[in-house]
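K.L.:
So the chains spell out like this:
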Amino acid sequence: MADPFLTVTHLTRRFDVSKPWLNRVLEREERQFLTATADVSFAINKGETFALVGESGSGKSTIAKMIVGLLAPTEGQIAIDGQKLDPKDPVSMRALRRRMQMIFQDPFASLNPRWRVGDIIAEPIHTLGLMPRAEITVEVARLLDLVGLSKADAGKFPHEFSGGQRQRIAIARALASRPDFIVCDEPTSALDVSVQAQILNLMRDLQDEFKLTYLLISHDLSVVRHMSNRIGVLYLGRLVEVADAKRLFHEPQHPYTRMLLDSVPDLALSGRRRKPVSGEIPNPISPPAGCAFHPRCPVAQDQCQIAVPALRPTPTGEAACLLAGVAPPTDA
Amino acid sequence: MTKPLLSVRDLVVEFPTRRGTLRALDGVSFDIAPGEVLGMVGESGAGKSITGAAIIGLIEPPGRIASGEVWLGDTRIDQLSPEAMRRVRGRRIGMVFQDPLTSLNPLYTIARQLTETIRTHMDASEGEARARAIALLDRVGIPAAARRIDDYPHHFSGGMRQRVVIALALAAEPELVIADEPTTALDVSVQAQIIDVLKEICAERGASVMLITHDMGVIAETADRVAVLYAGRMAEIGPVRDVILQPRHPYTAGLMGSIPTLEHAADRLVQIPGAMPRLDAIPAGCAFNPRCTQVMDRCLRDRPALRPVAPHHASACWLVDDKGAHHG
Ligand SMILES: Nc1ncnc2c1ncn2[C@@H]1O[C@H](COP(=O)(O)OP(=O)(O)OP(=O)(O)O)[C@@H](O)[C@H]1O
Ligand SMILES: Nc1ncnc2c1ncn2[C@@H]1O[C@H](COP(=O)(O)OP(=O)(O)OP(=O)(O)O)[C@@H](O)[C@H]1O
Ligand code: SF4
Ligand SMILES: [Mg+2]
Ligand SMILES: [Mg+2]
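These protein sequences, in sequence, are chains A and B. Numbering of the first sequence is given in the working numbering, commencing with residue 1 and proceeding in unit increments. Numbering of the second sequence is given in the working numbering, commencing with residue 1001 and proceeding in unit increments.
Hints listed in this document are in silico derivations from the structure and should not be mistaken for laboratory results. A portion of the hints provided could be inaccurate.
With beta-carbon atoms standing in for the labels, derived distance ranges [stated by the list, open to error]: (1) A:Glu29 with B:Gln1079: 56 to 62 angstroms; (2) B:Pro1016 with A:Phe108: 22 to 28 angstroms; (3) A:Arg178 with B:Asp1297: 44 to 50 angstroms; (4) A:Ser18 with B:Pro1283: 55 to 61 angstroms.
Okay, derived cross-link-like pairs now, EDC-like style, lysine to aspartate or glutamate, Cα gap no bigger than 20 angstroms in a straight line [said to hold, decoys possible]: (5) A:Lys211 with A:Glu48; (6) A:Lys65 with A:Asp86; (7) A:Lys211 with A:Asp3; (8) A:Lys65 with A:Glu139; (9) A:Lys156 with A:Glu123; (10) B:Lys1199 with B:Asp1031; (11) A:Lys211 with B:Asp1031; (12) A:Lys211 with A:Asp145; (13) A:Lys156 with A:Asp119; (14) A:Lys275 with B:Asp1196; (15) B:Lys1199 with A:Asp262; (16) A:Lys46 with A:Asp244; (17) A:Lys275 with B:Glu1263; (18) A:Lys46 with A:Asp81; (19) A:Lys246 with B:Glu1263; (20) A:Lys156 with A:Glu139; (21) B:Lys1199 with A:Asp266; (22) A:Lys246 with B:Asp1267; (23) A:Lys246 with A:Glu48; (24) A:Lys65 with A:Asp180; (25) A:Lys46 with A:Asp205; (26) A:Lys275 with B:Glu1200.
For the chain B half of the interface with chain A, some residues (derived, Cβ under 7 angstroms), not all of them [to be verified]: (27) Glu1043; (28) Gly1159; (29) Ala1185; (30) Asp1187; (31) Met1216; (32) Ser1258; (33) Ile1259; (34) Thr1261; (35) Ile1272.
Positions of the beta carbon are idealized from the N, C-alpha and C atoms, including for glycine.
Generate coordinates for the entire structure from the input sequences, incorporating the hints supplied.
P.N.:
Here is the structure:
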């Protein structure tokens, strides 16, 4: 395997979702914790696009925020190029941070409405002291051009742009610190398909040009299939499968992955008969014991209710299922 | 074709604003046959929801239907009194919206909402209405319906609420169900369940469906025909297979190529440049002309009408003249 750029080991994040102290006392309730990320480990290679997929609440954004340092892990580690992110060492944190940027789902919320586009894009250059003031205007023009906008746009405000154009501005800003790693959290979910195609094509072109490494987060399996080299599937905060992107779609190993693939409507009119999917996602505060998927799993066994299955090797990657490698990969 | 259940003719919807009148729908025409599922797709702001709202008489003033006609069977419904229109809604047309909470009253039990709807529109005793409500909930897949019927909406998950809304929409056995993004707020695994239930139960009862969504995959699996809206105008309409596999409008063709699929990997997605114009900046001629790769002089001047390209298939594009000599 190529050198991992980013390594995440045993990453866990719990949120305290207890009621206020007084209510707890009066209503005799225990403290409550929600485990948004549970013991997640994966590595992303240099220059690849690694995707995380999963339904709402599966913990995708929580992982993204821990990686870029917006949220502290409860347990576990994150390392870049073999160097551990250590919140207690601000100097090395700053150096590593500069190499990572993040693009969010909502291009409306992530751009300061009172700033001109030029200032928004230049901000990381200023704060990181990357170049002399005199050169910044030229650099902003270059970045705007890179994302398909024009240099005149630097003088405008975010509200003067469409959703797709705002996402381009967010990308230009992310590129300003010349990062080698970009975390993209649902970068196109708020956009129409025709505009989504423009942004996905742009992300690919930029990746080729600057050898970028991406962590792409999406609940849209077709987007993920189109963009990524490897895919991690999350269910209730746990990684249930990691596989080569192309093979995941043909040979899903985990029953949840199979179910997810079956639920995607078929645009190709292939006549593929989808199997009706049963059940809904359980409450994350009190997930089912053992494999959290067992109540919805069509092939669950008694022992699935006892212990959380660990990730184990499969022909296409890894899967956290007692039957991985045992159950037939496709249920006919 | 059999006599249509719903017929929309040259519908124009306008919103007066301080800076002039915005035309949100501009000459939209289509039919829905009894028992048919018509999908309606288009980008955000294309006019999908306004079309649905106009049919059921719920355009928010000062917005109004400026011209055109809406027929439900033999009744013209765009000029009915608010009272008469209320009776059409619920009785003859059921509605399912994106957010189930807009259709459910949080203060009433599910039982009360369902039995009230049934008894308002149909001749049934309290007991009969309750029995019918339980059967409906059971049919849309609410487990232990007889017990859950006395719960309040907030006791249900998002997916379960949307099932309740479908039950409510169908309670008075309407002839037409208008579903506006019924699954957009739900998780993928639940979306498929809801679409299946909606489709099956409407088919059982012979109800027609107008399914509004921006998800072409859902349309491909669910609809008989699909209408593609662009900037308040109908760009193309036809059988689902034909529109998806052989789109005859450059916008539809671009749209189809821009959607990544699970089946085959493309290196690059087809890219339609630019974005849909705002209502106050719709260009002269064909509204798609600034983004169209095949634009001709004429497209800048004259607006193309919706014209047949194949049986039951029509496209509003000047390329239609040279039969089949283009994109596909
Ligand atoms: N600050 C917080 N406090 C309490 N719970 C939180 C917090 N942030 C996230 N959670 C919970 O953690 C779980 C994972 O949330 P997360 O935002 O990571 O999900 P996601 O996979 O990104 O979902 P989506 O697709 O909806 O964006 C959810 O159950 C969420 O409610
Ligand atoms: N009350 C209103 N006043 C002015 N313009 C309106 C009003 N309601 C809707 N519009 C405009 O009418 C156009 C069509 O809106 P509509 O809600 O039908 O779009 P849509 O196709 O349903 O989009 P979406 O996919 O975002 O739901 C939009 O440009 C919208 O801005
Ligand atoms: S561990 Fe058991 S319940 Fe979980 S997915 Fe595998 S087979 Fe199903
Ligand atoms: Mg998220
Ligand atoms: Mg709408």
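K.L.:
So which hints don't hold here, by number, going up?
P.N.:
Per hint list: 8, 11, 29 violated.
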